[in-house]
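Q: So you can see what is in the structure, the chains are spelled out below.
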Amino acid sequence: MTLEAWILFALVLFCIGLYGVLARRNLIAILIGIELMLNAVSVNILAFNHFLAPDPAVGQIIVLFIIGLAAAEAAIVLSIVLTVYRQRAAIDVQDLKELKG
Amino acid sequence: MNHQLIALLTVMAPLVAFATVLIGFRSKHTVASSIVLISGLVTLVGAALLLFNGPVDGTVFSARWFVIGDHVIEFGVLLDGRTRMMGAVVALITFCIQIYSLSYMSHDPGRGRFFAFLALFEWSMLLFVFASNLLQMFIFWELVGLASFLLIGFWYEKPSAVAAAKKAFIMTRIGDIGLFIGLILLFQTVGTLDVVRITQIFAGEGLPESIAPGRIELIATLLFIGVIGKSAQFPLHTWLPDAMEGPTPVSALLHSATMVAAGVFLVVRFHELFLDAPGTMRFVLIIATTTALLSSTMAMVARDMKRVLAFSSISQLGFMLMGLAAGSLFAGFFHLTTHAFFKALLFLCAGSYIHKFGTNDMVAMGRAGAAGKMKITTIGLVVGGAALAGIPPLAGFFSKEQIIGSLHGPENLIFRIGAYAAAFLTAYYTFRMVFLILRPGIDSEAIEEEPAGSQHADAHDEDHGPAEPWQIVGPIIALTLGTLGAGFLGNRIGHTLLIEHIHHPALAEMAPAIVIALLGVVLAWLDFGRKGARQVGFIARLPAARTLFENRWFIDTVYKAVFVRLAVGFAKLMFGAETRGFDGGADKLGQGTVAAGSQMAKAHSGRLQFYVGTAFVLVAVLVFYLGLS
Amino acid sequence: MIAAGLVMLISVAGAVVAVSVKNIVHAIFGLGIALGGLALAFLLLSTPFVAAMQVLIYIGGITIAMIFAVMLSSTGKHEPGEGARRRVLAGIVSIVFFIAMAWVVVGSDFGPLMELAPEDMESAWSVQAIGRALLNDFNVAFELLSVVLLVAIVGAISIASRHDEGEDPAINEEGGA
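Protein chains in written order, with my numbering: chain S, 1 to 101; chain F, 1001 to 1629; chain Y, 2001 to 2177.
Treat the hints as calculated values from the structure; they're not laboratory data.
Even glycine gets a Cβ: it sits at the ideal position worked out from N, Cα and C.
Each hint should be verified, as a subset may be incorrect.
[To be verified] Rough simulated footprint, nothing fancy, chain S against chain Y, three-plus residues with beta-carbon under 8 angstroms: (1) 2002 to 2016; (2) 2057 to 2066.
[As the list claims (entries may be wrong)] Simulated restraints, written as ranges between beta carbons of each label pair: (3) Asn2136(Y) with Leu1146(F): 46 to 52 angstroms; (4) Asn2136(Y) with Leu1008(F): 45 to 51 angstroms; (5) Leu1628(F) with Pro2112(Y): 24 to 30 angstroms.
[Stated by the list, open to error] Computed, partial: chain Y to chain F, Cβ under 7 angstroms: (6) Val2093; (7) Val2096; (8) Phe2097; (9) Ala2100.
In isolation and in its complexed conformation, chain S is listed as follows (with noise of 0.2 angstroms):
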C-alpha cells in the first residue's frame, strides 16, 4: 500500500465522521462521528510516521496523546448528554440552541 492509499483512505474516514457531525441530531451520534475524524486523523499521522518519519516514536506518542485526549472528552460529553437529557428529556441538538444572541 502506498502512503497516497493511506492518506486517502483516513481521508474518507474524516469525510464520513464529518458527516456524521452535520447530518446527526442526536448528541450521542456527533460524538461518533467526532471520535471517526480523530481516528482518522490518527491513521493519517501514523502513515505519515510509517512512511517518512526517521524517528517513529514520536508519531507514536502523538497518536497516544490523541487517544487520551479523546477519552477525556468523551468523558465530558457524555455527561454533558447526561445533564442534557435529565433538563429536557432530549438530546437533540436542535433544541440547544442558548447561545443564540
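Fit chains F and Y to the known structure of chain S by using the hints.
A: Then chains F and Y, alone, in the frame of chain S:
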C-alpha cells in the same frame, strides 16, 4: 565556655523567647512572662560576661547567609568595646524593665503579647548593636523600628495609641530613607559591607584619592538623616512625645537603651567616618544644639509627667550628639550609658505613680500625696532627677561635663553657650517636676487637668496589694544604684572603648556647669518648691513664649498645615484621576465590550452544526482558491 | 496489499454504518467495527502498541461509555429522524471537503520514502522507545495530559451529578428563553 557560644546565647535567647511565646503561649501569661524573663536573664549574664572578659579587639563571629558575586553576606556578632558596652547596657535595662512589667502589666489582658514584643525589641536592638555588616545593621535597625511600632501601639483599641504608633513609624521611615541611601553609597564607595573593615579604612589610610572629596560628607549626612529620625532630633522629633501612648515600661525602654539609642549608636559605630567629614559634624552640632534647646523649652510647660521626660530625652539625645559631633567618642558614649540608667529610672518612677494614681498629670499626682505614699519611688525620682539635672556626683553630671568639656575652642563657643543654656533649662524643668510631686501646694495656682495621654487602663484601686510591690521596687532600686554609681565608671568605659587618654576636667572647668545646674534648681525652688510658691513658673509671665512652648513651637501644626495638606491635596487629585481617568476608562472599556458582545450575539443562530459545516466549506473554498490561483 | 484493502473496507463499512443507521445503539456497534478495523490498520502500519491501546481505550472504554450514556438517556428507540434536506446538505459539505483535500493529496509530492530497514524496525518501534520518548522529550506534555484527564474526570462527575438543577422545568423554560 568560649566567647562564640556566649555571644550566640546572648543574641539568640530573646529570639527564641519571642518565637516560643508568640507561637505557643500568647494567652498563657505566666508562662510567657517567665520565658521572656529567663531569656532576659540569659542575655544579661551573657552580655555581662562578654563585657568583663570579652575580646577587646574587633572579633567577629559570623555565619554565611548568602553570596552575591564576590560579596559574602554574613550574619555576625562583632565584639569590640563599643558593642560589648552597649550590649550590656541594653541587656541590663531591658531586664529591669521586664521585671517591672511583671507588676505594671499584671492586669492587662494582652500581656503575653507584650512580653513577646519586649523580647523582639531586645533581640533586634542587640543584633543591631552587634551587627558585623551593613546589611544586618539595616535589617535590625528596621526591626527595632517595627518592634517599637508594635509596642507604642500596644493598646491598639485606643485610637490615639494607633495614631502615635503610625506617627513614630512614618517619621522614622523618613530618616530611614536617608540612612538606606547612605549605606548603599558607603558600600559603593568602600566596596565592603564589613563594619570592622570600614572602621579601619576611615581610622587608618582613609579613602583612595580618586574618591570625590564631598563623598564622605554626603554619606555622613545621609547616615545622620537616619539618626535624626531614629533619635528624634529636630526636625523629626515630633514622634517621640506622642510615643508616650504606649505602656510606661515601653517608654522607659524606648527612651533609654533601645530605639532612640540606636540612632546615637549608629554615630558611635561610624564615628571614624563622621570624623572624616568635618562639614557634616558641624551640621550635626547645629541640629543637636537646636534640638537640645527646643525640647528643653517644651519640657518647661508640659504637665504630663511622661511628656516632660520625653522632651528631656530628646534634649539629652541632642547632648550626646553634641559630644560625638565635637569629636569626643567617649563623651557621647558615656552620656548614652549614664542617660540609659537615669532615664529608665525616671520612667519607671513615673510609671509607678501613674500605675497608682491613674493620671499622668504631675500636679494631680502631687496633690494626691505621691511623695508620702511611695517613698522608694520618690527617692528614685529625686536621684534620677538630680542625675538628669547634672548635679554632682550623680551619673549625669560627669557625662554632661565631658560633653561640655569636648566643646572647647573658640569655634565652638556658640555651641558651648547653647549647651549651658540647655543644661540650665534641664535643671529647671527637672526640678519643676520633682517639686510639683514632692511639695504639692494645695492652694497654688497650678491647674490640675487631665492630660490627653492619661492611662486609666493602668489605674487600680489600692486594694490590689501594696503600692510598691517588689517587681516595681526592685528595678527602681537597681537603677537608682546604677545612677549613683555609673558616673564613676568613666575610666572603665573609656578603657573598654580603647580610649587611652580621657580628659578629666579640673574643678575650675567644672564650676560653670555646677553653678548653672544649681541656678536652675534654685529657680525651680523659687517657682515651685518654696512655701506659697505660685507653681506656675516664670514662663507664665511671658504669655507669648508660653503659648509657643506649649504648642511645641507649632512644629506639629506646621507639619499638619504643609505636609498633610499637600498629601491630602495630592491624594484628592489622584482620586479624581483614578475614578475619572484610569478606573473610568477601564469601566468604559468593559461596558463597551459588553455592548459590542450583545450586539454581535444577535448575529448568532445557536446552531452548532451550521457553524461546523460553514467552517469546512470555507476551508474547501480556500484550498480551491489557493490551488487554482 | 490484500490485507490492507480488507482492513480499509471493514473500517469504512463500519464508519458508514455508524453515521447512517437510525438506531443509536447500532450506530455505536458500527463505530466499534470501524475502530477495530483501524486497530488492524495500525498493526499494518507497524505500530502494535498503538493498536493495542486503540482496542483497550476506544473499543473497551469509549464505546462502552457511550452505550451506558444511551441506556441512561434512553433515547435509543425514539430517535427523531433527520430530514432529507439536512442529510443532503451534510453530504454536499462532506463531499466538497473530500474533493478539496483529495485534490491536495493527489497533487502533492511527498518526496523519497524513508522506510526503515527490517532489522532496525524491532528496536525503533518498540514500547521501550515510546516510553523513553514519553519520559524525556515529551515529559511535560505527558504530565499535562495526566492533569487534563484528572480534570476531565472531576469535571464529568461534577457536571453529571448536579441533581438539584433542572428538576424544576419552569427554571429551564426561563433559562432557555
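Q: Are the hints correct? Go through all of them and say.
A: A quick look at each hint next to the structure:
| no. | hint | in the structure |
| --- | --- | --- |
| 1 | 2002 to 2016 | holds (count 7) |
| 2 | 2057 to 2066 | holds (count 6) |
| 3 | Asn2136(Y) with Leu1146(F): 46 to 52 angstroms | holds, 50 angstroms |
| 4 | Asn2136(Y) with Leu1008(F): 45 to 51 angstroms | holds, 49 angstroms |
| 5 | Leu1628(F) with Pro2112(Y): 24 to 30 angstroms | holds, 28 angstroms |
| 6 | Val2093 | holds, 5 angstroms |
| 7 | Val2096 | holds, 5 angstroms |
| 8 | Phe2097 | holds, 5 angstroms |
| 9 | Ala2100 | holds, 4 angstroms |
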